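If you're matching them up, the sequences are chains A and B in order.
In terms of the numbering used here, the first sequence is residues 2 to 107.
In terms of the numbering used here, the second sequence is residues 3 to 116.
It is worth saying that the hints were derived from the structure and are not from the lab.
In this text the structure is predicted, and so the values were computed from the model without any measurement.
Using N, Cα and C, we set each Cβ at its ideal position, and we do this for glycine too.
Treat the hints with care, since some could be wrong.
[As the list claims (entries may be wrong)] Facing chain B, a subset of chain A residues (Cβ under 7 Å, in silico):
no., residue
1, 42
2, 44
3, 49
4, 94
5, 95
Each chain, letter by letter, is given below.
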Amino acid sequence: KNEVEQSPQNLTAQEGEFITINCSYSVGISALHWLQQHPGGGIVSLFMLSSGKKKHGRLIATINIQEKHSSLHITASHPRDSAVYICAVSPDKLIFGTGTRLQVFP
Amino acid sequence: EPEVTQTPSHQVTQMGQEVILRCVPISNHLYFYWYRQILGQKVEFLVSFYNNEISEKSEIFDDQFSVERPDGSNFTLKIRSTKLEDSAMYFCASSGGLDWGTQYFGPGTRLLVL
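Only chain B is shown next, with the shape it has when bound in the complex:
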């Protein structure tokens, strides 16, 4: 069964460093998403992406964040200058196959900012 993959599974970084989280969505999907979940809190929407542009973003998704689909398979989330409060699990998801609205989630990247 096709699945969404994410790399790395864990990342530790120093405050102020740039990080790039990578996702490979399901190949025939058209919509891509990033979510985050701070430890012990609920999942929060960050951004959605369709047709090579951002379709919606939350208040969390400020100028420090950017997304890119650099080729036909990868979907990346970049945090330019990480803060302590960026420590969270980041989930990528994709949708748009035969079961149109169902989102398929990747396993997540656990980011720890020190």
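Bound conformation, chain A alone:
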């Protein structure tokens, strides 16, 4: 069983829709990271959180430590949000999920 599970694996949306990507993990962690991987392969760190909620622009990340679950929300989605979103947890080293491929159509 994977230590980090993401759902859905693939997601398509119309521009403007509210998007939710989920991440569940089975190990004890010190922090959870949300990353964005562009079609060219580059990886950008979006959030690192260990409790509660963080917001940056149209992106919101939440974590529930007791339930070992995190969500990434995108409000008013835009075609430029199309990417793979990766959840990773750090007990110490980073353990990555398989990613959620998001496509937002105009």
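Given chain A's structure and the hints, the job is docking chain B onto it.
Below, chain B alone, put in the same frame as chain A:
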């Protein structure tokens, strides 16, 4: 904005050859990492490096792999004798600035072993 850089962006090599992948982390960072991503698979941790020594390594990081920080700026990953299964995208990352735990990734080196 400071960024992590990696060279080369692409490398093609013959099986059994040695390759060195180079990274320049963000200058005030203290922690350095290598990851790899085989095509179509998830990103995997290889090794972390702090205070001029390996702090953790994965099962993938066997004797064929080594890392070095030869000077104050470069961080290298060497694969001594490449295998076909080493073909992957290799990412360097660094952390340890003001946003302590956030890792900043380089653009990656795509390695193809023939």
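Hint-by-hint comparison with the structure:
no., hint, verdict
1, 42, "holds, 5 Å"
2, 44, "holds, 4 Å"
3, 49, "holds, 5 Å"
4, 94, "holds, 4 Å"
5, 95, "holds, 6 Å"
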